[in-house]
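K.L.:
Given next are the chains, with one letter for each unit.
2 protein chains.
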Amino acid sequence: MLSKNKIKLIQSLNRKKDRDESGLFLVEGNKMVEEALRSEYQIETLVCTSQFADQHPEIRLKAKEIIETDKDSLQKASLLQNPQEALAIIIQPEIETPELNLNAELCLALDFIQDPGNLGTILRIADWFGITTVICSENTVDVFNPKVVQASMGAIFRIKTGYINLESFLSKASKSQIPVYGTFMDGNNIYTESLTRNGIVILGNEGNGISDSISRLVNRRIAIPTFSTNPNKAESLNVAIAASICCSEFRRR
Amino acid sequence: MLSKNKIKLIQSLNRKKDRDESGLFLVEGNKMVEEALRSEYQIETLVCTSQFADQHPEIRLKAKEIIETDKDSLQKASLLQNPQEALAIIIQPEIETPELNLNAELCLALDFIQDPGNLGTILRIADWFGITTVICSENTVDVFNPKVVQASMGAIFRIKTGYINLESFLSKASKSQIPVYGTFMDGNNIYTESLTRNGIVILGNEGNGISDSISRLVNRRIAIPTFSTNPNKAESLNVAIAASICCSEFRRR
Chain A
36 MLSKNKIKLI QSLNRKKDRD ESGLFLVEGN KMVEEALRSE YQIETLVCTS
86 QFADQHPEIR LKAKEIIETD KDSLQKASLL QNPQEALAII IQPEIETPEL
136 NLNAELCLAL DFIQDPGNLG TILRIADWFG ITTVICSENT VDVFNPKVVQ
186 ASMGAIFRIK TGYINLESFL SKASKSQIPV YGTFMDGNNI YTESLTRNGI
236 VILGNEGNGI SDSISRLVNR RIAIPTFSTN PNKAESLNVA IAASICCSEF
286 RRR
Chain B
36 MLSKNKIKLI QSLNRKKDRD ESGLFLVEGN KMVEEALRSE YQIETLVCTS
86 QFADQHPEIR LKAKEIIETD KDSLQKASLL QNPQEALAII IQPEIETPEL
136 NLNAELCLAL DFIQDPGNLG TILRIADWFG ITTVICSENT VDVFNPKVVQ
186 ASMGAIFRIK TGYINLESFL SKASKSQIPV YGTFMDGNNI YTESLTRNGI
236 VILGNEGNGI SDSISRLVNR RIAIPTFSTN PNKAESLNVA IAASICCSEF
286 RRR
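Taken in order, these protein sequences are the chains called A and B.
Position in the first sequence (first residue = 1) + 35 = our numbering.
Position in the second sequence (first residue = 1) + 35 = our numbering.
These are calculated hints, taken from the structure and not from any lab test.
A hint or two may mislead.
Same chains, same names: a pair is fine if it fits in one copy or spans any two.
In silico lysine to aspartate or glutamate, DMTMM-like type, Cα no more than 25 Å apart, as pairs [as the list claims (entries may be wrong)]:
{"id": "1", "residue 1": "66", "residue 2": "241"}
{"id": "2", "residue 1": "195", "residue 2": "105"}
{"id": "3", "residue 1": "43", "residue 2": "131"}
{"id": "4", "residue 1": "41", "residue 2": "173"}
{"id": "5", "residue 1": "111", "residue 2": "202"}
{"id": "6", "residue 1": "210", "residue 2": "140"}
{"id": "7", "residue 1": "106", "residue 2": "284"}
{"id": "8", "residue 1": "182", "residue 2": "221"}
{"id": "9", "residue 1": "99", "residue 2": "173"}
This structure is a prediction, so every number in the text was calculated from the model and none was measured.
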């Protein structure tokens with residue numbers, strides 16, 4: 036039985052303020068809940084149909100509280116149009132500044148990414164390309180926003196994230212001779228530039244690109260060239276698309 | 036003055052049935068309307084603020100009807116949360132089967148793409164990479180869906196599209212020795228495969244990938260390899276992300 040209070044709690048997790056206060060976040064859908072069950076994350080409450088419960092005996096070990104209910108009640112609680120058979124309220128892990136060995140490792144740094152769908156997609160891309168850490172500027176959208184979580188398709192459980200002062204982080208990196216990449220219209224062609232196996236790739240805001248204060252800390256300016264021959268030519272790539280092309284170029288050999 | 040009937044017409048363009056009947060589609064936002072003004076498309080009605088009208092004298096030549104109104108009325112008519120200062124009702128061009136020289140040209144073929152955001156993003160990617168034709172299966176989402184139009188960021192005005200029987204189109208191409216590429220988990224590594232400058236790249240449905248009947252017509256099976264080392268590893272890339280990596284690989288040299 037799903038109480039009114041529980042429904043209220045679930046829906047409150049759509050708001051950052053309420054997520055911050057409760058220290059919880061929401062995961063919806065069978066696949067996403069299965070990912071949560073396989074992860075190290077702690078499940079506070081699992082709400083599911085009895086069929087889902089039967090098919091996933093491991094929930095007894097993993098979830099503190101299990102509420103079996105019918106699809107109609109799930110629909111009432113859900114933030115999704117098609118809530119499927121399960122949702123989970125999960126305890127936010129302590130986000131510490133991830134430990135990085137930037138002499139060997141490649142990471143992404145996000146400068147004011149605003150759209151939750153973009154952040155989720157970027158996490159999914161990082162996951163695919165074996166990039167384990169995504170650093171976020173303090174004004175980047177909250178990684179526990181339900182739209183980020185859903186768009187990440189489970190990558191949220193595998194990628195390390197941290198919200199930090201990007202300027203001071205990059206400033207330190209740059210002083211230590213770590214390659215700091217950023218994409219700019221007038222950067223060097225990413226297809227011909229020799230790319231290192233380590234360093235930081237900055238992805239900028241959807242409307243404005245990389246901010247001025249961050250641009251100054253980029254020591255390797257790159258560009259994804261267009262192949263359009265149209266006079267009214269293509270003007271930009273979406274940030275997640277740019278991220279995928281960058282990750283692909285850094286990883287391919 | 037924006038009449039109730041006009042508001043009704045604008046909002047009806049959110050429905051495929053009404054778009055088909057009227058032969059019209061909707062474009063919203065300053066940038067998108069500017070793209071429409073630069074294009075060959077015929078503008079039936081332009082609704083804008085007087086400020087927008089003053090800044091764009093060319094609208095007198097391009098739009099059959101101009102309705103100047105205030106932001107509140109625009110908001111009432113708009114399908115967007117932030118309608119900005121202009122929207123345009125545009126006449127759908129005759130969509131003919133695009134003429135293609137597949138011995139020289141590369142095109143994309145979409146097999147049952149359902150999400151309008153994905154289709155719009157794929158058009159934007161094609162535009163960036165100088166791919167001028169995107170063939171759609173008959174069950175792919177309508178290119179004049181307002182969400183497709185907005186996500187395309189103007190690419191809709193530059194890319195040729197056509198809805199055709201994909202199976203018979205590919206069957207003919209395959210018989211003429213045209214390379215027909217499709218991505219599969221067990222395909223050849225796209226990073227090491229030698230890719231032709233011409234041919235067809237098929238992108239499959241969001242949930243199910245390329246359908247069986249279409250798979251049989253693929254003569255070059257490729258794969259985008261994952262670099263994830265995680266045991267619960269990344270399972271898939273979004274179709275638009277896969278499209279961007281494919282286009283990037285075909286165009287880079």
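K.L.:
Next step is simple, just say for each hint if it's right about the structure.
P.N.:
Status of the hints after comparison with the structure:
Taking identical chains as interchangeable, the C-alpha atoms of residue 66 and residue 241 lie at most 25 Å apart only when they sit on different chains, with a minimum of 15 Å there against 29 Å within one chain. Proximity of residue 195 and residue 105 under a CA criterion of 25 Å is satisfied in neither setting, with 35 Å inside one chain copy and 47 Å between copies. Taking CA atoms no more than 25 Å apart as the test, residue 43 paired with residue 131 passes in neither setting, with 29 Å inside one copy and 52 Å between copies. In the homo-oligomer, the alpha carbons of residue 41 and residue 173 never lie at most 25 Å apart, since the shortest distance is 30 Å inside one protomer and 44 Å across protomers.
Taking the closest pair of Cα atoms, residue 111 and residue 202 never come within 25 Å of each other, the shortest separation being 43 Å inside a single copy and 42 Å across copies. For a Cα distance limit of 25 Å, the shortest separation of residue 210 from residue 140 inside one copy, 17 Å, qualifies, whereas the shortest one across copies, 47 Å, does not. Taking the shortest alpha-carbon separations for residue 106 and residue 284, neither the intra-copy value of 44 Å nor the inter-copy value of 44 Å comes in at or below 25 Å. Taking the shortest Cα distances, residue 182 and residue 221 never come within 25 Å of each other, neither inside one copy (33 Å) nor across copies (31 Å).
With identical chains, the CA atoms of residue 99 and residue 173 are never at most 25 Å apart, being 32 Å at best within one copy and 48 Å at best between copies.
Hints 2, 3, 4, 5, 7, 8 and 9, counting from the list given before, are not met by this structure.
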